[in-house]
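Taken in sequence, the protein lines are chains A and B. Taken in order, the first sequence gives residues 1 to 542; the numbers are from this note's numbering. Taken in order, the second sequence gives residues 1 to 605; the numbers are from this note's numbering.
Calculated from the structure, these hints are not laboratory results. Treat the hints with caution; some may be incorrect.
Said to hold, decoys possible - Calculated pairs, DSSO-like style, for lysine-lysine (alpha carbon to alpha carbon, straight line, at most 27 Å):
#1 B:K217 x A:K208
#2 B:K217 x A:K352
#3 B:K259 x A:K352
#4 B:K396 x A:K137
#5 A:K210 x A:K193
#6 A:K189 x B:K217
#7 B:K444 x B:K63
#8 B:K217 x A:K210
#9 B:K453 x B:K279
#10 A:K382 x A:K414
As the list claims (entries may be wrong) - A few chain B residues that don't get close to chain A, going by computed Cβ distances all over 12 Å:
#11 N82
#12 K153
#13 E188
#14 D212
#15 E377
#16 M392
In this text, a Cβ means the ideal position worked out from N, Cα and C, and glycines have one as well.
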Amino acid sequence: MGKIVVHGRVKVRTTAEQEEIKKVERAKKVAEYKAGMNLVFQKRRDKIYDDELLLVTERIVVKNPDIYTLWNIRREAFNANDWSNEEREIRMKKDLSLTECCLRENPKSYYVWHHRCWVIERLSEPDWETELALCAKCLNYDERNFHCWEYRLFVVQKAGISDEEEFNFSTTKILNNFSNYSSWHYRSKVLSKMFPDNTGALPIRSDKHKEELDLVMNATFTDPNDSSAWFYQRWLLDSHKSINNPIWRAQLTSTAATVVFHKDVAINSLNLNILVDGTNIPLNWESHDNAKFAKVWSTPPNEIFINLNDDMDGETFTCKINIESQEKHNLNQLQEQLESYQQLIQMEPHNKWALLTGIFLMRNINDSKYHKNILENFTALKTIDKLRSNYYEDLRSKYLIDYVLHNTWLQEDKTNEVTSLDMSNYNLTLLCNEHYLSFYSEVNLCGNNLGNSLHRLHSLQRCKKLSLSCNGIKSLEQFPTLFSLKVLLLRYNELSSVDEILELVKRHRLITLDIRENLVCMVNGIVQAISEVSPDTTVLTD
Amino acid sequence: MEDDLPTEYDVVVVGTGMTESIVAAAASRIGKKVLHLDSNEYYGGLWATFNFDGLQKWIEDLKAAKSDGKKDTIIKVEAGENFLNASNQYSAVENIEETWFISNDADLPVLTSKDTQTDGSGDGASAEGSEKSDEDKVEKKEPVKQWSIDRIKKEYRRFNIDLAPKLLFARGELVELLISSNIARYAEFRAVSRVATFMDGKLTQVPCSRADVFANKTVSVIEKRMLMQLLTSCMEQGADSPEFDGFRDKTFLEYLNTKNLTPIVKHYVMQAIAMATDKTSCRDGVNRTKHFLNSLGRYGNTPFLWPMYGSGELPQCFCRLCAVFGGVYCLKRQLDGVIVCEDKCRAIITGKQRLALEHLVVGQGHVPPEIVASVGEQQISRGIFITDRSIMQGEKENLTLLYYPPEKNGQEPVTVIELGPSTNACPQGLFMVHMTCKRINTAKDDLEYVVKKFLRAEVLEPKGPRDSTDSHTQTVSPDKRHIQEGDAETRDLIKNPKPQVLWSLYLNLPASDIKLSNSAPSNIHLCSGPDLDLDFDFAVNQAKEVFAAMYPDEDFLPRAPDPEEIVLEGEEAPGPKFEGDKPGEGEDKQEGEEKQDSEKAEKEE
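Start from the sequences, fold in the hints, and give me the full structure.
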């Protein structure tokens, strides 16, 4: 019977045969690699930077682009050789192609991108267009390759590409796939450069801000579980307080001066002076822990003596600088967005991002008006996203403190009274913006959970009466030394160490110390021990 | 022509339709001796794709065949054997109606123009560089040729016209099979670039991917969320989820009505994504939605792929694999009949030869009537149109899928596929529109309401120069008779006139659901013709069933080896490279896009 063969009849290699072939190939590769590496290192020791070295390193990096030592050696070779300009140029260009080959193997190799940067910067006439095209190609394959984004930024600056083109580029990338931290981030950079907000209240100019808020809202509604869009939105909504005058308040007593700033600043006697009746008083400013940048600067106690005039109300003089109420931008839009997000929360009650954005929007619109709603959102967040409940607690504490301070200041503006601050029973887990607490003589923090924030109390140097009752405090180790402190209430905590209490008493001149309802009260002779250290202190125990 | 063929086979396959070709490849792949016959001189049967000339010939042959008297062969058989004549009655194409709407060259006025039509005449304006060549052509100040009958006939090679146009779901049975069997290397695809729907009196693009939904400006953010939410729940939960418990015996529409969706969102889901009618069950609707969504994001902006050079390419890919593994091919070789003994088919008679076999796989166009139980009801109405512009103008050339639901009772939903020059379906400046629906009456009657809606199928008077305002496409001066309603639709029509039909062909294809009788020999396996579905799943699944019936313990199309894994018998060096092997590294992305992507996908699996 004749056999009609149409195409050559095929036989498929068995797996075993293939394995065998692979094994042989592998062994060969390993041997080549070892020999090559030995050669390269020997030549480097001998400082022979010849063509063979370049050839061998090239062969190895093509397969193993992440061996950065080889790239270093190549650069050494470029520096060591005394080539003519033309030859150097040719060799450099060859290295450009080499890096391109390597990027095909591994487009996320730090060392290859770095080497490409090094080479291109040393070319006499770098072709930035080609580089841009390479980036475009690479970002087409993987639009989230941040190595390439970074290299692209470098190229764009060199090539003098206009911001507008870059803005369009980012738009294209985002429209293609908005789940991309790199392109959103790049967008934020380009926009801040193109359309800065002169008022300083927004990250970018108001009209652009409006467009961006809409764009990102579209993304968040399309896929509310994609975090990249929400992050960009947060950048847009984060408060950008423009503070022209960095000083918040200053206070003078006859023996001390303290100045509180809104943000961390570095101070020396040259740029902060106190003039009393036109006379400059030489002062020696100190910060807590001698930090170079701090918000609270004061003179060492009892170092200065100022004659305060009688009409300055005797004991202290406080200078307040009112914070100008900021103009609100795009309020209507924010209000509309808030409504949309509230609908989203109804549709998807378990979406944490929508709840969180709701909080940002409400704070942007009117903190006081939405105070209750903000707290409700926090409660919801803590239940649906248990893993991050501590984060939400801390964020809530931060916003609450802002809220309380804000209201207190309003009150102060009316009454001109700056004595006591009540932040009790808020369940705060974190004390922040503590520099604003610097001038109160009475601070009530009872009914919170500030056991972990004791070290932040250092700004309460003017505080005479401090309540930290009901705060779940286990240890006083972090408790700072407060010079003015006379009355300290620590009732209903979990203190158990006598030594810590004695140490605290030693550092202060307390009149009253309340440690009722603490484990430490069970220790016999505690009152005795304290009075030995500080006989004038009245100790309240069970 | 009547070569002597070897006389014994494991499997004889008659007909080179989709199912037959897959089975042939699968049998050959596991080492069976396969003979694959087709009475035509082309591959594919009713699945074929023709150039314009080939199609004309096909039509002529059909007309000629009808007049031919049927001549039954009389064969001497051995004792106990029965001879059954093959019949082509189940592949009867009916109601062929071909119409020209343009004139011959002789009747056309000569006109010149600087900036009119895009023109892809003659010399190789390649498909890939479509946009570029458009610009090039505008520059040239040549006499502009209008499309004429002569010109279309002259450029016959630049047409690829499908009898049974079908799309592939990016994660449908066929794509998975092409990848798993390594046959993908023989084929090239283009992604369908948009899914359109008819809404509020005009065609719009349906946002189906996440990127589309994000960029869409017609729907509100809340609607975006509704849409994404609904899609996600269909996709993730599937029809068996408790979400759909209350809707087991209800329609998809009834389910959607409970979801508080806005009309736009409901429309998108019903008509474009699920491609459902009012009667589609909830289960079907959810499954179709899921199928659609599963296929998104793999290759392009929509879930669909279109085979370059037409659907008819695909059966040939399987034939090629069959041949590589030793299958014997013989075209223009007719099956005269089968020899049956007891309940087995022993042999076939073809060209005076008796060929013994273990299994006979036969396309429905060759089945002896004696073994057919029912002829089926799912007949197909087809319309094919060459037009001068897209049904929906876009900035770039698009490959469009449109599902158009019935306007009133007694109509069937129609699937419209519009192909541009870059698919090689037609030359530059033209579009190819395919319409398909279930047959009720004749193809022309069944499709009429859709043709009227989207095309201008009236004879074009060979008058003076035509208006040409749009640099991207050829334009036809809007015919005022069309647009006297004076509404939004009218204004739209003046701006975007309906595509002018240059040529049309209507035909009815036979039913795909014919059944063999229970008494049919158990080693005869029937393969259906093209079915009504949008994709090839039916054919792939049927091929799998046939193969499982023949060789229940064998693998169905295991991965074919790469060239380097193949040694030709008696050789030690690796075999020759497969045809259509990897495109070169430097190749333009546009060109090899789908292919590279599918290779990438392979690696990922």
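Each hint, compared with the structure:
1. B:K217 x A:K208: It holds: about 18 Å lies between the C-alpha atoms, which stays within 27 Å.
2. B:K217 x A:K352: holds (26 Å)
3. B:K259 x A:K352: Judged against 27 Å, a Cα distance of about 23 Å means the pair holds.
4. B:K396 x A:K137: The hint holds at about 21 Å.
5. A:K210 x A:K193: OK: A:K210 and A:K193 at ~17 Å, within 27 Å.
6. A:K189 x B:K217: Roughly 26 Å separates the two Cα atoms, so the pair holds.
7. B:K444 x B:K63: holds (18 Å)
8. B:K217 x A:K210: This hinted pair holds, its Cα atoms lying about 16 Å apart.
9. B:K453 x B:K279: holds (23 Å)
10. A:K382 x A:K414: Roughly 37 Å between the alpha carbons, so the hint for A:K382 and A:K414 is violated.
11. N82: holds (26 Å)
12. K153: holds (35 Å)
13. E188: holds (20 Å)
14. D212: violated (9 Å)
15. E377: Holds: least Cβ distance 39 Å, greater than 12 Å.
16. M392: holds (20 Å)
Comparing the model with each numbered hint stated earlier shows that hints 10 and 14 do not hold.
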